[in-house]
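The listed protein sequences correspond, in order, to chains A and B.
Residues in the first sequence are numbered from 131 upward in steps of one, following the working numbering.
Residues in the second sequence are numbered from 26 upward in steps of one, following the working numbering.
Please note that the accuracy of each hint is not assured.
[Unchecked claim] Facing chain A, a subset of chain B residues (Cβ under 10 angstroms, in silico): (1) 52; (2) 59; (3) 70; (4) 71; (5) 74; (6) 83.
[Claimed, not checked] Label pairs and their in silico Cβ distance ranges: (7) A:135 - B:30: 28 to 34 angstroms; (8) A:191 - B:64: 27 to 33 angstroms; (9) A:195 - B:26: 22 to 28 angstroms; (10) A:184 - B:64: 28 to 34 angstroms; (11) A:187 - B:34: 26 to 32 angstroms; (12) A:244 - B:47: 46 to 52 angstroms; (13) B:81 - A:192: 37 to 43 angstroms.
Source of the hints: derived by calculation from the structure; they are not laboratory data.
Values in this document were obtained by computation on a predicted structure and should not be read as measured data.
Idealized CB from N, CA, C, for every residue including glycine.
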Amino acid sequence: NAGVTQTPKFQVLKTGQSMTLQCAQDMNHNSMYWYRQDPGMGLRLIYYSASEGTTDKGEVPNGYNVSRLNKREFSLRLESAAPSQTSVYFCASSEVMGGNQPQHFGDGTRLSIL
Amino acid sequence: GDSVTQMEGPVTLSEEACLTINCTYTATGYPSLFWYVQYPGEGLQLLLKATKADDKGSNKGFEATYRKETTSFHLEKGSVQVSDSAVYFCALRRGHNDYKLSFGAGTTVTVRA
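One chain only, chain A, in its complex shape:
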């Protein structure tokens, strides 16, 4: 049972570099999410995709873009990385948005921007 798979697990970037974080789920879920986790702040939603073909901004979208490539995959792109984007990034999915459907999380990508 793979669930939600994120790649890479760790990455170090220099300021100004770009990179894409990959996320794939094998649970046939409709909705997918990207969060960042910072010490003392819990998780904050960056972007979400309610269903294939749609994406919307969350709480902290600045500096990021997303692509819902197909039902399984939802990628997060940093076009020009900044030290403030050093964080742990989590992808999550749920069967549908809202309701009492739990979100299933990947193991995270630890990203450091120097």
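Start from chain A and add chain B according to the hints.
Below, chain B without anything else, positioned relative to chain A:
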């Protein structure tokens, strides 16, 4: 706006001790409440949930009761094990059709043998 406040950690306990992690919330309407657990090196997992006032969520020996009068959802376990060492997050979803989960800052719990 909606917010969740958790007791600050870290919390260190001996095996078989009682654990309580306080969580209070601010929200309009009737939110659903959740506790998520994050084991070292892993993502978050749903531990338990409650969707209306006076509901009690329970799982793996943990319990939490949705108290609307005190806007609280405290997590409790009567006898912890080393394997309960993790970070615990309280979260709320405002309404049935709302996508957004608002998380507390997390409480790190370490259980010593």
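Results for each hint:
Hint status for residue 52 (chain B): violated, given a least beta-carbon distance of 14 angstroms to chain A, over 10 angstroms. Proximity of residue 59 (chain B) to chain A holds as hinted, the smallest CB-CB distance being about 8 angstroms (cut-off 10 angstroms). Because the closest C-beta pair between residue 70 (chain B) and chain A is about 7 angstroms apart, less than 10 angstroms, the hint holds. Hint on residue 71 (chain B) holds. Least Cβ distance to chain A is approximately 4 angstroms, under the 10 angstroms limit.
Of the supplied interface hints, the one on residue 74 (chain B) holds, with its beta-carbon coming within about 7 angstroms of a beta-carbon of chain A, less than 10 angstroms. For residue 83 (chain B), the interface hint is violated, since its Cβ never comes within 10 angstroms of a Cβ in chain A; the closest pair sits about 15 angstroms apart. The hinted window of 28 to 34 angstroms between residue 135 (chain A) and residue 30 (chain B) holds, with their beta carbons roughly 33 angstroms apart. A hinted range of 27 to 33 angstroms for the beta carbons of residue 191 (chain A) and residue 64 (chain B) is consistent with their spacing of about 29 angstroms.
Residue 195 (chain A) and residue 26 (chain B) have their C-beta atoms about 25 angstroms apart, which keeps the hinted 22 to 28 angstroms range intact. Between residue 184 (chain A) and residue 64 (chain B), the C-beta spacing of about 32 angstroms keeps the proposed range 28 to 34 angstroms intact. Separated by about 31 angstroms at the C-beta atoms, residue 187 (chain A) and residue 34 (chain B) satisfy the suggested range of 26 to 32 angstroms. For residue 244 (chain A) and residue 47 (chain B), the hinted distance range of 46 to 52 angstroms is not satisfied, since their beta carbons lie about 38 angstroms from each other.
Residue 81 (chain B) and residue 192 (chain A) have their C-beta atoms about 40 angstroms apart, which keeps the hinted 37 to 43 angstroms range intact.
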